[in-house]
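Protein chains: 2
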Amino acid sequence: MTTARRDTYTPETLLSVAVRVFNERGYDGTSMEHLSKAAGISKSSIYHHVSGKEELLRRAVSRALDGLFGILDEPGATRGRALERVEYVTRRTVEVLMAELPYVTLLLRVRGNTRTERWAMERRRDFDHRVADLLKAAAADGDLRADLDTRLATRLLFGMVNSLVEWYRPQVGTGYDRQQVADAVVRLAFDGLRTAP
Amino acid sequence: MTTARRDTYTPETLLSVAVRVFNERGYDGTSMEHLSKAAGISKSSIYHHVSGKEELLRRAVSRALDGLFGILDEPGATRGRALERVEYVTRRTVEVLMAELPYVTLLLRVRGNTRTERWAMERRRDFDHRVADLLKAAAADGDLRADLDTRLATRLLFGMVNSLVEWYRPQVGTGYDRQQVADAVVRLAFDGLRTAP
Numbered sequence: 218m219t220t221a222r223r224d225t226y227t228p229e230t231l232l233s234v235a236v237r238v239f240n241e242r243g244y245d246g247t248s249m250e251h252l253s254k255a256a257g258i259s260k261s262s263i264y265h266h267v268s269g270k271e272e273l274l275r276r277a278v279s280r281a282l283d284g285l286f287g288i289l290d291e292p293g294a295t296r297g298r299a300l301e302r303v304e305y306v307t308r309r310t311v312e313v314l315m316a317e318l319p320y321v322t323l324l325l326r327v328r329g330n331t332r333t334e335r336w337a338m339e340r341r342r343d344f345d346h347r348v349a350d351l352l353k354a355a356a357a358d359g360d361l362r363a364d365l366d367t368r369l370a371t372r373l374l375f376g377m378v379n380s381l382v383e384w385y386r387p388q389v390g391t392g393y394d395r396q397q398v399a400d401a402v403v404r405l406a407f408d409g410l411r412t413a414p
Numbered sequence: 218m219t220t221a222r223r224d225t226y227t228p229e230t231l232l233s234v235a236v237r238v239f240n241e242r243g244y245d246g247t248s249m250e251h252l253s254k255a256a257g258i259s260k261s262s263i264y265h266h267v268s269g270k271e272e273l274l275r276r277a278v279s280r281a282l283d284g285l286f287g288i289l290d291e292p293g294a295t296r297g298r299a300l301e302r303v304e305y306v307t308r309r310t311v312e313v314l315m316a317e318l319p320y321v322t323l324l325l326r327v328r329g330n331t332r333t334e335r336w337a338m339e340r341r342r343d344f345d346h347r348v349a350d351l352l353k354a355a356a357a358d359g360d361l362r363a364d365l366d367t368r369l370a371t372r373l374l375f376g377m378v379n380s381l382v383e384w385y386r387p388q389v390g391t392g393y394d395r396q397q398v399a400d401a402v403v404r405l406a407f408d409g410l411r412t413a414p
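Taken in sequence, the protein lines are chains H and E.
Each residue of the first sequence is one higher than the one before, starting from 218 at the first, in the working numbering.
Each residue of the second sequence is one higher than the one before, starting from 218 at the first, in the working numbering.
If you're looking for bench data, these hints aren't it; they were derived computationally from the structure.
Yeah, the Cβ is synthetic: ideal placement off N, Cα and C, and Gly gets one too.
Hints are supplied without guarantee of correctness; some may be wrong.
Calculated from the model, a selection of chain H residues having no Cβ within reach of chain E, i.e. all distances over 10 Å [as the list claims (entries may be wrong)]:
(1) E250
(2) A255
(3) S268
(4) L282
(5) E339
(6) G359
(7) A363
(8) S380
(9) R404
(10) T412
Example chain H residues on the side facing chain E (calculated, C-beta under 10 Å, incomplete) [what the hints assert, rightly or not]:
(11) G287
(12) E304
(13) R362
Restricting the straight-line Cα-Cα distance to at most 35 Å, the calculated cross-link-like pairs of lysine-lysine (DSBU-like) are [unchecked claim]:
(14) K254(H) x K353(E)
(15) K270(H) x K353(E)
(16) K260(E) x K270(E)
(17) K270(E) x K270(H)
(18) K353(H) x K260(E)
(19) K270(H) x K254(H)
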């Protein structure tokens, strides 16, 4: 029975358990003991799959980062006017955040005590800079309000997008569907709450 | 010397030390020992001022909540068109958040394990509901975009405003001044990033 159970474990299922525990207890506050209990397998079984909790963290945040950076290579992000590209990237970022919610949540909570955490924060900043560059290009085209500082606008835009990890829950039948949330973010960010004059 | 030092301590200075430690270690992770070390006074001196760490938490989040609820009684929040009132409340919320940064940060991070934490979360939700009601009134006046769900818009608006606790730092001479940040939030939230057509 124990063997059977261990055999059903894949690196993928172990990863999803680890991400849940990291998000609940914080990465720093999670021990291999916690992971072993949550997964229902022995520590040595975990070591059969990964070198330790830092490898699990690296795999988890990589999944979030791959999702986010993947957006920047999509045609919608590389062709057309800068304003349309930044709108596209905003919408897709919201979609990836909702699709990979626990992974992006972990990425956003990482605080930089280990090399892997610092690497994740660095990559996350890279992504923010790529979007800030798009916003700058849109401003240079005259498509963004001239009275808004681009760097500040980028921070506020990401503040709004990233706040989703605090309240969006994907339960079927309750709350909002992904399309509705993505639409609302893009509309609020680019056109504002006020009725068009 | 010890006596002199203890005498200089007021409930106010003790509170500001406690809030800093709560924000660094989390409220759950903070012991009276940590507070005693950070304040440089004995635990019994702390008990001379307060009944324990829960009282410090209650005082700290009360300061944030008093600041926020105070806004709702100001003339700008009670007179005029709903849209103007909600713009006013948004701007003032940003200002209070920046003026009381550590206190509002603590309020936003509280997670509900003790009675005081649950009370703080309840009051915070009350505040959000009051602002949501204002947004609803503005929508009923036809002043908000009809294609945005009001509850979802409220969440996104607060998501953007509350994100300030993650990156806004009031160092003089660096970053943004308060006026600039408050202007940017109101402009982005109500008029959007896009150049007016």
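Hint check results:
no., hint, in the structure
1, E250, "holds, 18 Å"
2, A255, "holds, 19 Å"
3, S268, "holds, 28 Å"
4, L282, "holds, 19 Å"
5, E339, "holds, 16 Å"
6, G359, "violated, 6 Å"
7, A363, "violated, 8 Å"
8, S380, "violated, 3 Å"
9, R404, "violated, 6 Å"
10, T412, "violated, 6 Å"
11, G287, "violated, 24 Å"
12, E304, "holds, 9 Å"
13, R362, "holds, 6 Å"
14, K254(H) x K353(E), "violated, 47 Å"
15, K270(H) x K353(E), "violated, 47 Å"
16, K260(E) x K270(E), "holds, 11 Å"
17, K270(E) x K270(H), "holds, 33 Å"
18, K353(H) x K260(E), "violated, 53 Å"
19, K270(H) x K254(H), "holds, 14 Å"
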